[in-house]
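Asks: First to last, the sequence lines map onto chains A and B. Using this note's numbering, the letters of the first sequence map in sequence onto residues 1 to 111. Using this note's numbering, the letters of the second sequence map in sequence onto residues 1 to 115.
Derived by calculation from the structure, the hints in this document are not laboratory data. Just so you know, not all the hints are guaranteed correct.
As the list claims (entries may be wrong) - In silico BS3-like cross-links for lysine-lysine, where the CA-CA straight-line distance does not exceed 27 Å:
#	chain 1	residue 1	chain 2	residue 2
1	B	K57	B	K42
2	A	K68	A	K1
3	B	K57	A	K1
4	B	K83	B	K42
5	A	K1	B	K42
6	B	K83	A	K103
7	A	K68	B	K78
8	B	K42	A	K103
9	A	K1	A	K103
10	B	K78	B	K42
11	A	K42	A	K103
12	B	K83	A	K42
13	B	K78	B	K57
14	A	K103	B	K57
15	A	K42	B	K78
16	A	K68	B	K42
17	A	K42	B	K42
18	A	K68	A	K103
19	B	K57	A	K68
20	B	K83	B	K57
Nothing here was measured: the structure is a model prediction, and the numbers come from that model.
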Amino acid sequence: KQEVTQIPAALSVPEGENLVLNCSFTDSAIYNLQWFRQDPGKGLTSLLLIQSSQREQTSGRLNASLDKSSGRSTLYIAASQPGDSATYLCAVIGGADGLTFGKGTHLIIQP
Amino acid sequence: EPEVTQTPSHQVTQMGQEVILRCVPISNHLYFYWYRQILGQKVEFLVSFYNNEISEKSEIFDDQFSVERPDGSNFTLKIRSTKLEDSAMYFCASQGRRFSGNTIYFGEGSWLTVV
Numbered sequence: 001k002q003e004v005t006q007i008p009a010a011l012s013v014p015e016g017e018n019l020v021l022n023c024s025f026t027d028s029a030i031y032n033l034q035w036f037r038q039d040p041g042k043g044l045t046s047l048l049l050i051q052s053s054q055r056e057q058t059s060g061r062l063n064a065s066l067d068k069s070s071g072r073s074t075l076y077i078a079a080s081q082p083g084d085s086a087t088y089l090c091a092v093i094g095g096a097d098g099l100t101f102g103k104g105t106h107l108i109i110q111p
Numbered sequence: 001e002p003e004v005t006q007t008p009s010h011q012v013t014q015m016g017q018e019v020i021l022r023c024v025p026i027s028n029h030l031y032f033y034w035y036r037q038i039l040g041q042k043v044e045f046l047v048s049f050y051n052n053e054i055s056e057k058s059e060i061f062d063d064q065f066s067v068e069r070p071d072g073s074n075f076t077l078k079i080r081s082t083k084l085e086d087s088a089m090y091f092c093a094s095q096g097r098r099f100s101g102n103t104i105y106f107g108e109g110s111w112l113t114v115v
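Full structure from sequences and hints, please.
Replies: What follows is the structure, encoded as C-alpha cells:
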C-alpha cells in the first residue's frame, strides 16, 4: 500500500527566504505526482504536476523535482512571500485510481 | 481557469439523516472523484467514476455511500444514514483523462457536520 510522507510537518521562515519542502513515497510505481496548496478551510489548488517520466516542473517561483527511483520529490519555493503561507500537500497516483496524499507541510512566512 | 464547483459549502445534519453533496465537474472532463478530509487528517480517496459507473472505491466507501451522475453536468455523493464520524470536508475532483499527465482539479469542498 502506497504511503506518502512529508517533512517537515511545519515550517516558519522570514519573508524572502528560499525554502524546500520534502515528500517521499514508498511505491515508486507512480504515474504522476502533484503538489497542491490548501488554505485553511478551503479546497486544494493544484500547483504543479510531474509525470513519472519527468524530472522537474517549474511555475513562477515554484520548482518541483521528482526522483522516482528513490521515491522522493521536493518543492522549492524561491523568494518566499507572506501570501505563500498555507499547507502544501504532495500526492501520487499509481495503478489505482485515487491520489494518495501526504499529511502536508504547514508553512508560515513571517513578514 | 476552469473550476470544479461544489454545493453546499457547509451542511449541518442530524445523525441518521441522509445527505446529498453536489458537484459540477469541469465540462469536458471524463473522470470524477470524491475525497474526504477529516479535520487534522490526510485527504483520503473515496471513489472514482467513469463512463457512468464506479471505477474504483476505497474501503471507506461502504454501503452507506453512493454516487451518481443524474444528468450531463452534476455529480453527487449521497450518504444514506450519517454517523458522527462522517463529519469531514468532502472534495469533488475531476480529470480530463486518466494518467498521461492530466491534472486533477479539486473543488472548494463541502464541509459536513453531523450532530
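Asks: If a hint holds in the structure, say so; if it does not, say that too.
Replies: We went through each hint and held it up to the structure:
Our distance criterion of 27 Å between C-alpha atoms is met by K57 of chain B and K42 of chain B, whose separation comes to about 17 Å. Pair hint K68 of chain A plus K1 of chain A holds up; C-alpha atoms about 16 Å apart against a cutoff of 27 Å. Among the hinted pairs, K57 of chain B with K1 of chain A is consistent with the structure: their alpha-carbon atoms are about 15 Å apart, no more than 27 Å. Distance check on the hinted pair: K83 of chain B and K42 of chain B sit about 19 Å apart at the alpha-carbon level, within 27 Å; holds.
A threshold of 27 Å between alpha carbons decides the hint, and for K1 of chain A with K42 of chain B the separation of about 15 Å falls inside it, so the pair holds. The hinted pair formed by K83 of chain B and K103 of chain A meets the criterion: a straight-line CA distance of about 24 Å does not exceed 27 Å. For the hint pairing K68 of chain A with K78 of chain B, the CA-to-CA distance comes to about 37 Å; that exceeds 27 Å, so the pair is violated. Between K42 of chain B and K103 of chain A the CA atoms are separated by roughly 5 Å; this keeps the pair inside 27 Å, and the hint holds.
The straight-line distance between the Cα atoms of K1 of chain A and K103 of chain A is roughly 16 Å, inside the 27 Å bound, and the hint therefore holds. Restraint check: the Cα-Cα separation between K78 of chain B and K42 of chain B comes to about 21 Å, which is no more than 27 Å; the hinted pair holds. At roughly 15 Å between alpha-carbon atoms, K42 of chain A and K103 of chain A fall within 27 Å of each other, so this suggested pair holds. Distance check on the hinted pair: K83 of chain B and K42 of chain A sit about 23 Å apart at the alpha-carbon level, within 27 Å; holds.
Between the alpha carbons of K78 of chain B and K57 of chain B the distance comes to roughly 14 Å, so the proposed pair stays at or under 27 Å and holds. With a CA separation close to 21 Å, the supplied pair K103 of chain A and K57 of chain B stays within the 27 Å bound. Note on K42 of chain A and K78 of chain B: the hinted pairing holds, with a Cα-Cα distance of about 21 Å set against a maximum of 27 Å. Only pairs whose Cα atoms come within 27 Å are accepted, and K68 of chain A paired with K42 of chain B is accepted, the gap being roughly 22 Å.
At most 27 Å may separate the alpha-carbon atoms for a hinted pair to count; K42 of chain A and K42 of chain B meet this at roughly 14 Å. Distance restraint check for K68 of chain A and K103 of chain A: the Cα-Cα separation of roughly 20 Å lies within the 27 Å cut-off, and the hinted pair is therefore satisfied. Taken as a hint, the K57 of chain B and K68 of chain A pair is honoured in the structure, with Cα atoms around 26 Å apart against an allowance of 27 Å. Restraint check for K83 of chain B and K57 of chain B: the C-alpha separation of about 19 Å stays at or below 27 Å, so the hint holds.
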